[in-house]
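K.L.:
Spelled out, the chains give:
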Amino acid sequence: MRCDYACGTADHGIARRQFLGGLAAGSAAGIVGGLGALAQPAAAKELATSQKRVLLFFMSGGLSQLESWDPKPKTDTGGPFRAIPTSVPGTHISELLPLTAQQMHHLTIVRSVNTKENDHGKGRFMMECGRRQMAGAKYPHIGAVAAKALAPADATLPGHIHITPGGSGGRSDNAAYLGPKYASIILGNGKPPQNSARAAELTVDADSRRNAFRRQLNNRFTARRKTAETDVYTYNYEQAQQLMRQGEVFDVSKEPAADHERYGKHPFGKHCLLARRLLENGLTFVQVSHSNYDTHNENFNFHLEQVGEFDRSFSAIVSDLAVRGMLESTLIVVMSEFGRTPRINSRYGRDHWGTAWSVVLGGGRIHRGAVYGATNKNGTAVSDKEVDHGRLFHTYLQAVGLDSSQSFHVGGRELPMADPSTTAIDELLV
Amino acid sequence: MAADPKQTHVATQWKHDSRFICCRFDPQGRYVFAGAEDYAIHRFEVDTGTKVTLPEHDCWVRAFAFTPDGETMISGGSDGQLVWWPVADAQPKPQRMVAAHDGWIRALAVSPDGKILASGGNDNRLKLWNIADGTLIHESPPHDSNVYSTFFHPGSEFVLSGTLLGTVKQWDVATGKLVREFDAKTLHTYNGGQAVDYGGIRSMALSHDGQYFACGGLHKASNPLGAVNEPLVELFDWESQKKKVSHISDGKKGIIWRVVYHPDAYLIGGCGGSGGGLLFFWKPDQDKPFHTVKLPDTVRDMDLHPDGLRIATAHYDHHIRISSMTAKA
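Protein chains in written order, with this note's numbering: chain A, 2 to 431; chain B, 1436 to 1764.
Think of the hints as simulated: they come from the structure by calculation, not from any bench. You may find that some hints are simply not true.
Mimicking DSBU-like on lysine-lysine, the simulated pairs with C-alpha atoms at most 30 Å apart in a straight line are [claimed, not checked]:
| hint | chain 1 | residue 1 | chain 2 | residue 2 |
| --- | --- | --- | --- | --- |
| 1 | B | 1486 | A | 73 |
| 2 | B | 1655 | A | 266 |
| 3 | B | 1677 | B | 1687 |
Computed from a predicted model, the values in this text were never measured in an experiment.
Using the sequences provided together with the hints, build the complete structure.
P.N.:
Here it is, written out as C-alpha cells:
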C-alpha cells in the first residue's frame, strides 16, 4: 500500500482547514497530526506554548452517581451516605468526596447523561469513542483523536497513554483508522513502557552503532518503497529511541516525597502523580483507570473503599493543575461506562444503569463550578437537559480547542472526528 | 417447651413499606427493633405486631444494643451518632444523642453489667462509653480497617472488636489496653483483579459455657462485586485461641450477618446473599450444619428471642419475620 499521507501538503493530516478551531484561530492552518512535520514552523511554535492536553479518569465498572456526583439522600434510592456542600455554593456531592468537594469550583458536573446502554463493553466504547459500536465499523478512542489532533508532530514522546491498575503494558488497538501511532501505550500499574530500558548487556556504543546501521538500511529502502507500514515501523523505532532517552519522564519516584504523601501511597495515588508528571512533560492524552466500581454486591462498602481512595488523589491533581496554571490547557474528564441503578438490590448492591448518570468535566474551555442537567428526585430519570455520549465526545474536543465538526483525511476518505449527527453541548463551553 | 431447630418455621411476619437492614429483640422479649432503608427505626410489639416508628435518627441505622434490664435501647447510625431511647414508651423519644464516630457506626454492644457501651465504626475506632451519662471512657488506636463488629465477654472485663481485614482484638475494658488478638484472616479476601477488600468479621459470639468463640462472615469470595462467596464461621477455643472448626454451609452462597449461641449449645447463623435467606444450625464439633432453614427472602440480620424459641430476621422484601423453633400449631 502506498503512503498517501506524507505527501508534504498541508492537507495530509486533516480533511479541512481550520481544523483546530479556537485553538489555532488566526494562526495559519494550524495543521497537526500525521507523520510529517508541521506545515509551518510558526504553528509549531505556537503549539509548543499552548498545547492542549486531556486527562481522563475512567472509573471502571460503573461509578455510582448516587455515591459521587448526584447524591439523593433521604429518598428511597439514596442509601446511607449524606450529601455535603462544596466550594460552589448550592452544589452538593456525596460525603465520600470531601476533598474533591473543595475543588468543585474548578469542575462541572453533567448530571443528565443517558446513554441507554447497560453493557460494560458497549458502554465503554460509547463513552471512549463517542459513538455506538457497530459491526464492521471501528472508531478511534478519544485519546487517539487527541493525540492525532493535538500532539505536536515533532513530539518525542507518545501522545496517548493509559495508566491501568494492573497488567504488564504494551500497546492497544484503539486508534482505528488513525493508525497504530495513535493507539494507547499502556503503563501497566504505572510501570514505564515495556522494553523501554536498554538491555544491560548492550553498551551505549553498540546500541548507537546498531541504530545507525538500521537507519542506513531504512533510508535506502524507503527512498524507493515508502509505505504506510514502513513509516509506522520507522516511527516505532524512533519513538522507542526517544523513550529510552527520556525514560525519567515515566519515573514517578522522581516526584517529591511530600507529593507522594499528598496523593496517597496506594497505586491510584501513584498513578495520578505519574499522570501529572506526564502532562507536565508535554504528553497530550493521559487516561488513568480506577478499579472497580461494578458493585452489584455491597455497593456502599465498596464505594466507601474506592471513592475514598479516588477522592484524595483526584482532588490533589485537580488542585495541582489549577495552581500550576495548567487547567486552562488541560481538559479533565471523569467518566465510566455507565452509572448504577438507583434501586438498591437485595445484596446492598446497585446494578448497571445507563439511563440517568453523571460525568464530570473541568479545565480547557469548560465552564467552572457549574452543574449541567438534572435527574428527578430519586434519580430514576433525567429531568432536565438530557445528553448522551455523542454530545459529550464533541464537547471534549471543543473544550481543547478543536472543531469537532471537522474530519480526518485518511486514505482518501474523510472520516468525521465525532458523530456528525450530533453536536457539542455549547452551554458547557466558554 | 424445648426448642427444636428442625421444627423451625416462619410463624409471623410483619410487612413495612421499606427494606429492612437490622433487627434485635429487647432483653425482655417484648419488642423487635428494626432499622430500615427509610431512615428510621421501627419498633414491633412481638405479641401483636403493632408498629411504632422512631424517626429522629434520620439516617440508616445498622446497630442496636440494650441495657440488660431492657429499659434503654441505644442505636448507632450511618451519621455517626449514638441515640439513647426508652424501650417501652408509647412513642419513644431520644433521651441522649452523642456524636460518636466520624462516619457510620457499624456495631454496638453493652457490657453485661450494663455500665458500658462499645461502639465501632468506619473511623476504624472502637470506643467505650459510660451508658449513664454518655461520656467517652476509652478510644482505641485506629484498627487496620473499619470496625465491623463488637462483643463483650460475659464477665464485662473484656470487649472485642472485629474488622474488615479479619483482625479480632481483645481489649481490657478497665484500662483500654490491648490484651491479645485472634487470627480470623480467613474471613477476609483481597481480590486483586477487582482491587477490593471484602468480608470481615460480621459478627461474634461466645458459647454459654465460655468455651467457644465464633466469628462469622464469608469465604470463597471468587467474585466479591458479584456476591459470589460462601458463608463461614470460624470457631476458636476461647482460652487457647486455637481454631476448633470452620463452620461451612455445604455449598450455599451468602454472608453470615449474625451468629448467636443458643442455650442448648448450638450456634445459629443468619445468612443472606445470592443464595437467599438461610438459617444454619451448627454443633461445635461439626463443620457442616446439622440443620438449615430456607427463608422466603434474603436475610440481612438475625436475633434470638430471650425465650430461646423464636428467631427474628430482617429482610430485603420489607418484612420482619419471626420464626418459631417449635412444632407448628
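K.L.:
A separate judgement is required for each hint: does it hold in the structure or not?
P.N.:
We went through each hint and held it up to the structure:
no. : hint                 : verdict
1   : 1486(B) with 73(A)   : holds (27 Å)
2   : 1655(B) with 266(A)  : holds (29 Å)
3   : 1677(B) with 1687(B) : holds (26 Å)
Of the numbered hints listed earlier, not one is contradicted by the structure.
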